[in-house]
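Chains as they are written, first to last, in the numbering used here: chain Z, 1 to 169; chain C, 1 to 791; chain Y, 1 to 285.
Because the hints were derived from the structure by calculation, they are not lab data. One should not assume that every hint holds.
Part of the chain Y face toward chain C, derived, beta carbon under 8 angstroms [unchecked claim]:
| no. | residue |
| --- | --- |
| 1 | MET1 |
| 2 | PHE185 |
| 3 | GLU187 |
| 4 | ARG189 |
| 5 | GLY190 |
| 6 | PHE192 |
| 7 | GLY259 |
| 8 | PRO262 |
| 9 | GLY263 |
| 10 | TYR266 |
| 11 | ARG268 |
| 12 | SER269 |
| 13 | ALA273 |
EDC-like, lysine to aspartate or glutamate: derived pairs with alpha carbons at most 16 angstroms apart [to be verified]:
| no. | chain 1 | residue 1 | chain 2 | residue 2 |
| --- | --- | --- | --- | --- |
| 14 | C | LYS18 | Z | GLU90 |
| 15 | Z | LYS8 | C | GLU121 |
| 16 | Z | LYS8 | C | ASP122 |
| 17 | C | LYS20 | Z | ASP89 |
| 18 | C | LYS20 | Z | GLU90 |
Given the structure is predicted, the values throughout are model-derived calculations rather than measurements. Backbone N, C-alpha and C fix where the C-beta goes; we use that ideal spot for every residue, glycine too.
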Amino acid sequence: MDDAVNDKVLLSLDVNGSEHEVLVEPRRTLADVLRHDLELTGTHIACEHGVCGACTVLVDGAPVRSCLMFAAQAEGRGVRTVESLGRGDELSDLQRAFTEHHALQCGFCTPGFLMLAEGFLAARPDASRAEIREAVSSNLCRCTGYQTIVDAIEDCAARRRAAERTRSA
Amino acid sequence: MREPGFTADGTWVGASVKRKEDPRLLTGRARFVDDIHLPRMLHAQFVRSSVAAGEITSVDLSRVRDVPGVVAAFTAADLDLGDITAVLDRPRSEFVPTAMPVLARDRVRFVGEPIAIVLAEDAYAVEDGLEAAEVTYRAGTPVLSEEQALAPGAPLVHDEAADNVLLDVSMFATEGIDDIFADAPCVVSVRATTGRQNALPLETRGVVASWDARAGQLLVQTCTQVPHVVRTVLAGCLGRPENTVRVVVPDMGGGFGIKCVVGREEIAVAAASLRVGRPVKWIEDRKDALTASFLAREQRYQARAAFDEAGRILALDADVLCDMGAYSCYPFSAGIEPLMASAEMPGVYRVPAYRVRGRAITTNKAPTAPYRGVSRPQYVMVMERLFERAARELGLGPVEIRRRNLITTFPYTGVNGITYDPGSYLESLNLAERVLTEEGWYERQRELAGQGRFLGIGYSCFNERTGYGSDAFAKRRMAVVPGFDISEIRMDTSGTVVATTGTMSHGQSHETTMAQIVADRLGLDLDHVFIQQGDTDRVAYGWGTFASRSITIGGSAVGLAAGRLGDKLLHIGAHLLRTRPDNVELSGGRVRKCDDHTRSLSYVDIAEVAYLKAHLLPKDVDPGLTATASFDGIGDGTFSNASHGVVVELHAGTGQVEILRYACVEDCGVAINPQVVEGQARGGIAQGIAGALFEQVTYDEQGEPSAASFIDYKVPTACEIPDISIHHLETPSAFTGNGAKGVGEGGTIGAPAAVLNAVNDALRPTGVELDDTPITPERVLGALEVRWTTR
Amino acid sequence: MKPPPFGYHRARDVAGATALVAELGEDAKFLAGGQSLIPMMNFRLARPAHLVDIARLGELSFLRRDDDRLHVGALTTHHEVESAPDRSVRGFEVVREAMRWIGHLPIRTRGTAGGSLAHGDATAEWCLLAVLLDAEIVTASPRGSRVIPAGEAFLGFFTTLLEPDELIVEVVFPKPAPHAALTEFAERRGDFAIVAAAVDLDVAGGRVTGGRVVLGGVAPVPLRVPAAEALLGAGERADAELFAACGRAAAEAVDPPDGPGPGADYRRSLVRALVARACEEALAR
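All chains, please: the whole structure from these sequences, using the hints.
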């Protein structure tokens, strides 16, 4: 791994629970490796300078901008993308909340918001609407005006809490 | 056929059904243009001009071709392509056509203009290649403002446009208008400028071009709102018969107008692909999308209005100047913004006398394209400011003066020659006012004023002309007239229906809403209806999606086609049920006898006859279950309307404008899917707020754009856009197949005026009024501090 | 917007990292969270020939109270600080609370304290905090370790005292600052501040007996404002009047840049408002 200069490097990446090996230039961002080398095109690219959040994925459970991370930096860490949500054709609770609340229109920013929300709610299951709104402000959406995205995440969090109460009761 | 109803049970139309588009978008299985990967595909980027104006003295790409991974690089001379030229059916005295070359040849007209295309094995190497390009210029003096463009002896952006004016029209000029102004007891004026904005779909532009040897076609997969228009221009620029070009649109990540014009990059990529014989992909990066794509909205209004003592408007006189940048966009031309403003400025008000001059100037800035609302956000803002100002002069309430002037009897033919179909202008304004009043915002305003805080309440009242037909565009004197839409519908042997539309959804949910229309017409479950769009080989011709035309025109065409298919099902069904044609009806996926519901045939039964047992068909019926219909806009189209009510607080100390409350009362006739309508309204309002308070592209004195990143181009986030309540009124349209009116642009149109009025209401104690957008915190604080220093 | 090519190297320890950067020469850079460096590389505004990835140096990721001092390891992320439990930041709440001003959550999960200090943005929260609280920036290089007083660390626009092969190891805040606060203003949530103000008040018996005021966005480096601090040292009652006067004094003392973007007068107005606000928040803490 050391002493590579401009040459391609062999990386071993854990993405959505599977090990992948890719031979890429070190400058290749995680976003590009996910999309074009692993053909997981659900992660989108819309600014490549870390502002819009369309490329948000989870790395060791935390939401990160995959355009601001070289794939080489992700070696040895667990990466999760939108393709890991839901099972087969069955949507996850968060995905269902997005469709029920019309939290997406063109859908281009949506995978980024889903992964942002997934990472955020895992750490902050009791977040208030104001806290959810602040987390949602991490990413840009040009279609919805954000309100229904906040609604969807708030609703999903409430349902998860209710399910948790039922489980522990 | 059942009557469509807003909330009626039993119909798809009027129900907020979950979108058919969502599952693939939510699971990462949608296919956007950058998700397409073809064998041997190359990646393209463009060498772009670093100067705003000048002659190209040399382009040296030899070092580019030596960069590892670079496969080819071409200049304009290498590709030899036809120009893109938008024309209007107007005399030279009114409109000057100008050519937009696909790649700049000898002259550049804005920073970011494409000069050469570079192709490489991957998206990284191609950018390495760009850095090796050497272009030299004889730089000229850029023209960057109205003053510079119109100054005597100004440098010319296009030699054909002798005074940098591309369009100059004077319209209406009601006889005696000068006398009305001279005699009026109250004359108010507004000078307003609006910032240059970027429509900013999250997905930038992009295209994949490849040769399909089996079809003998150039396949261009591109994210465009207007696939057939792109095909027509591609064929023209490449000098190929149109049948050898196929344009296919994958999933699209927004457009908002920026993708309803033909991009020169689309043509260059296709040409380069043919030249090298390999698929070529171009994905515009954000820097280029912000600086070198199409922008919009930079306008200057000088308007005045005369009123009588009772606050009734007597006359309107406006001079509208639009800075259209370096090129005229195809097909709409640089006339789009001034013509829209000139034709429609009187809006929802009874304006008895009107005169307007509309001009488009050309400057050395990135060119412009129609952006959601097209001039209406601006002229509505100016109109609403005129009424607010008159209200102050006459001592009337801002809502009351509007009430006295709104059109209340329909149809109404305005001074601008446009006939307005019924709407709820007064009702929507009254409801907006009632919402804010009942919530106590006026009391809150008085209370905070006592504490030295600045709360403001503002309204806007407007309509949105939708469903422009061929006649309406012909009246604008467009040379190509994008009015009608054609739909072809087919039922297969499983009883499933596929309907085509020439419109192109890029977030508007057409796969769902048009399916709702078809499902109702045929008594089908939504799961059995599919909408196909965005493939020039599947639809004879279509004009795509813009000007809120999709549901009004495309939806009507789809509904008509479904009706025709339904007629055929009834005809065959009656024959097979051995009853009179008028004794059968469609219900629940079956044809049944009206007088005996137990006697029926499923669509599968009928399809089996239509396809597999054609000998059983009536003698006058052809085999198969297909139908075609077209629809064109009727008269002057159909007008949706809305009123917005906004409460803001201005923060002393920072000048921040905080929106505390936003209420929207909208009337789009029959809402096919209320949740989708609300989504359009909220998203539109967010873009309107963006223009009112945040977004602007400026240029320095060399013509370098100020905003090349999202750091500088301030798209608002969830923390700046408030929750918005939507209240529905319903005045069905008589001019569309389902009573619906277009709803794509309204939110954007009404928001700047309402926000600006609220800010100015809050600024009342200072005596300062702000008429230019965006209203930045810096300008608000400047206004607030005027008060401090004069006290 | 793809970055230019570079050689990628992964360090195993601090000594190895600094030795490698020294060996690779001036065009080599340390790569921590990359949240400032990578955007610049994507715009091709930065083009290091080599990046030495220090992310695996787990020993640089910590947040530790030690007597009265708060130690923050260079690789500690903004988000880790933001999520720190009360006991580990008692007396240094200002550090934790300031993190919410840094970009957005997905930036804070990657960006690091050391990376931000090394980047040296005059509006960056870590830089302001370090200057405000007289922090010590501990570094390592092939020439050994040294301690840079924060007040001397920032030389100019994105320029620090750090040598190219010198790696920040930790930042040490030497004594608790129970009445300190940082506030900012930007047009949008998460933007770089137009102006940021940080204050640290010494409060006794309802009176302010001393204080430090640091501003971002008015000079090429985080700026201490002695004229404003003088007002805080006079033992006046801790009230809105004093804080407003402090804000005015700060506004009069600074000479902010005049565009592009927000003008000098506006920045000065923001200084006036934000210093007063920061004082109020510091007192309330």
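Structure-based check of each hint:
A hinted interface residue such as MET1 of chain Y counts as satisfied when its beta carbon comes closer than 8 angstroms to some beta carbon of chain C; here the least separation is about 4 angstroms, so the hint holds. Interface restraint check: PHE185 of chain Y against chain C, minimum CB-CB distance 5 angstroms, threshold 8 angstroms, status holds. Evaluation of the GLU187 of chain Y hint against chain C yields a held restraint, the C-beta minimum of about 6 angstroms falling below 8 angstroms. For ARG189 of chain Y, the suggested interface contact is upheld, since its CB lies about 4 angstroms from the closest CB of chain C, less than 8 angstroms.
Restraint check, GLY190 of chain Y versus chain C: the minimum CB separation of about 7 angstroms is within 8 angstroms; hint holds. Interface restraint check: PHE192 of chain Y against chain C, minimum CB-CB distance 7 angstroms, threshold 8 angstroms, status holds. Of the supplied interface hints, the one on GLY259 of chain Y is violated, with its beta-carbon coming no nearer than about 10 angstroms to a beta-carbon of chain C, more than 8 angstroms. Given hint, PRO262 of chain Y at the interface with chain C, holds; its Cβ is 5 angstroms from that chain's nearest Cβ, closer than 8 angstroms.
Given hint, GLY263 of chain Y at the interface with chain C, holds; its Cβ is 7 angstroms from that chain's nearest Cβ, closer than 8 angstroms. The beta carbon of TYR266 of chain Y is positioned within 8 angstroms of a beta carbon in chain C (closest approach about 4 angstroms), and the interface hint is therefore held. Annotation: ARG268 of chain Y was flagged as interfacial toward chain C, and the flag is violated, the nearest CB pair being 11 angstroms apart, outside 8 angstroms. The restraint placing SER269 of chain Y at the interface with chain C holds, with a minimum CB-CB distance near 6 angstroms, inside the 8 angstroms limit.
At about 3 angstroms, the closest approach between the beta carbon of ALA273 of chain Y and any beta carbon in chain C falls short of 8 angstroms, and the interface hint on this residue holds. Our distance criterion of 16 angstroms between C-alpha atoms is met by LYS18 of chain C and GLU90 of chain Z, whose separation comes to about 15 angstroms. Simply put, LYS8 of chain Z and GLU121 of chain C have alpha-carbon atoms about 15 angstroms apart, close enough for the 16 angstroms limit, and the pair holds. A hinted pair counts as satisfied when its Cα atoms are at most 16 angstroms apart, and LYS8 of chain Z with ASP122 of chain C qualifies at roughly 14 angstroms.
A threshold of 16 angstroms between alpha carbons decides the hint, and for LYS20 of chain C with ASP89 of chain Z the separation of about 13 angstroms falls inside it, so the pair holds. For the hint pairing LYS20 of chain C with GLU90 of chain Z, the CA-to-CA distance comes to about 14 angstroms; that is within 16 angstroms, so the pair holds.
Hints 7, 11 from the list above are not met by this structure, while the remaining hints are.
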